[in-house]
Structures are given as C-alpha cells and as structure tokens.
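So the protein lines, in turn, are chains A and B. Per this note's numbering, the very first residue in the first sequence carries number 1; after that it's consecutive. Per this note's numbering, the very first residue in the second sequence carries number 1; after that it's consecutive.
Please keep in mind that the hints were generated in silico from the structure rather than gathered at the bench. Keep in mind that a hint or two might mislead.
Covered stretches of chain A (chain B as the covering partner; in silico rule of three or more C-beta atoms under 8 Å from a C-beta of chain B) [unchecked claim]:
hint	segment
1	38–52
2	68–74
Simulated DEER-style distance windows between Cβ atoms [unchecked claim]:
hint	chain 1	residue 1	chain 2	residue 2	range
3	B	Arg7	A	Lys26	38 to 46 Å
4	B	Leu17	A	Val136	38 to 46 Å
5	B	Arg94	A	Val136	15 to 23 Å
This structure is a prediction, so every number in the text was calculated from the model and none was measured. C-beta atoms are modelled at their ideal positions from N, C-alpha and C, and glycine is treated no differently.
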Amino acid sequence: MSSWNRPARREPILALGIQHARAVRKEVGYARPTELEIEVIAHLRGALVRATPTTGSRATLLRIGDRGVIGVAGGLSDGERRWAIAHELGHFETHTNVSYLGLCTGEDLRTTYGSDGREPEANAFAAELLLPEDLV
Amino acid sequence: MSDPKARKDIEALVEALDDAPLDEADAGDAVKRLGVDVKKWAGAIRQRVAAADESDRAARFTEARRAYADDAARYDAKKSEPKRSVEEQRATMRTLMARIPRESATAAVHFHKFEEATEEELAEMIKALRHLLNEDE
Chain A
1 MSSWNRPARR EPILALGIQH ARAVRKEVGY ARPTELEIEV IAHLRGALVR ATPTTGSRAT
61 LLRIGDRGVI GVAGGLSDGE RRWAIAHELG HFETHTNVSY LGLCTGEDLR TTYGSDGREP
121 EANAFAAELL LPEDLV
Chain B
1 MSDPKARKDI EALVEALDDA PLDEADAGDA VKRLGVDVKK WAGAIRQRVA AADESDRAAR
61 FTEARRAYAD DAARYDAKKS EPKRSVEEQR ATMRTLMARI PRESATAAVH FHKFEEATEE
121 ELAEMIKALR HLLNEDE
C-alpha cells in the first residue's frame, strides 16, 4: 500500500510554500498570525485538527480531496504544536496534486533537504504562515 | 445629516460635481473657505472604515471558531475503533482506501513510516479516514 502512487522525489521549491502561506493569510483575512488560532485557520481551509496518539511522529495528515484531518501528538509545547499543525497544513495547501496520507516524523519537521522535496516546502509554508516576512 | 435643507444642498452639490468635477485648486479653495480640516476628516473616515473592517473580521472569526468547535465535537463523538491487531487494522485501512475515488486527482496516497504505525495510531487513522469518507460505522 505504501508504494501506491507515491509521489516522485524532487528538489524542494521553497517559494511554493511561501506563496501558498501568503495566499492563505490573504484569503482568511487576518493581519497578524496570532489573531486566529492555527486550528481554526486549518479548519477554514478544510482540515480538522484533532489530538492523536503518535509514537514516531509529531503530526499526521489524512487528506481526501479538499478535506483532511490533521492529527497532532500530545505533549508538545504550544510552539511545537503550532509548528506541527502549520507544517501539515503546508502539505494540505501546497501539495494538492497528491492526496496525502502521511505521518511526518520529527526528522521531517527539522528539514532534511536530501529527502522528499515536499518536506522543506511544508516547512517554508509553516515559517511564512506563523512568522510572515513583512512582520519580521 | 438630519437637517433636510442641508441634505438637499449636499445632494445639489453632488449633482453639480457630477457634471463639472472640481480640479484640485478649486477643491482646495472650497475646503479653505469652509474651514474643513481635511487631514482630520480623512483620518476620521479611515478610522470608521477600519472599525467596520475590524468588526466584520471579528464576526467572521467568531463564526469560524464556532464552526471548528462544532466539527471537532462531532468528530470526537464518533465511537472509537474496536481494539484489533495491527494486521486487522491494516486490512481495514486497505478496504477504506479502496473506497477513495481513484478517478479523481486526489486518489494518490502515500505514507511516511506507515509500516511502523502502532495499533493506537492505526485506530486513529481509521477513525479519521471514516470521517473523511463520511462513514459512521
């Protein structure tokens, strides 16, 4: 099952993640990222965030079409939790050509540029969503 | 603008301006004669617009929070998957995934570390999958 239409590996395009994060901010219509909870932003985009038991991952994403469920591990700090959700939302927004049923590990979230190019893109999305360049 | 005469005067002025728009010099002269503090006036208008935007945004965000809370409650109210072995749950996952419409562009699916998923993780994934497939078993 794991090899069923697995997306091909490719070099990351960080601008893709950044561009999608900016589009989300514009469409949701908040000025500062702290104005609205990350769970609510995700829900507005079609992804429901729920706590999930995980061992090797911080967050999971199940996606079918334009709906998804983001499972986030317990025991994370507020910052880690926000980042993990934003990262999965990055996959949800940026990689719409594939339907993800993924478990992202802590290693993925720390950005391993040598791995699937989509992980760094999701990180770029999360960074721009949580800390927009124009507010830095 | 409760004074009917003032309202009529302004309507007449607006109508006249439609036919013969003021140039900047005329407008400046009129403002000076009327004693209007343009900067203050513009600031007040901007404040009013910003307050309306803020109010609209706050209402939208309140509604969004409510919708999220409702959806989360519905999800949490779904019964948990029965305790089953990893193999049985993987079989259930396959069955459910086979129901994802393959003709759509969203039929491609992949896992990271799926092979290492525990019973609890699989049970939660199945619950989420059922939710996305609108199945309530």
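Hint check results:
1. 38–52: holds (count 8)
2. 68–74: holds (count 3)
3. Arg7/B <-> Lys26/A: 38 to 46 Å: holds, 39 Å
4. Leu17/B <-> Val136/A: 38 to 46 Å: holds, 45 Å
5. Arg94/B <-> Val136/A: 15 to 23 Å: violated, 46 Å
Of the numbered hints given earlier, the model fails hint 5 alone.
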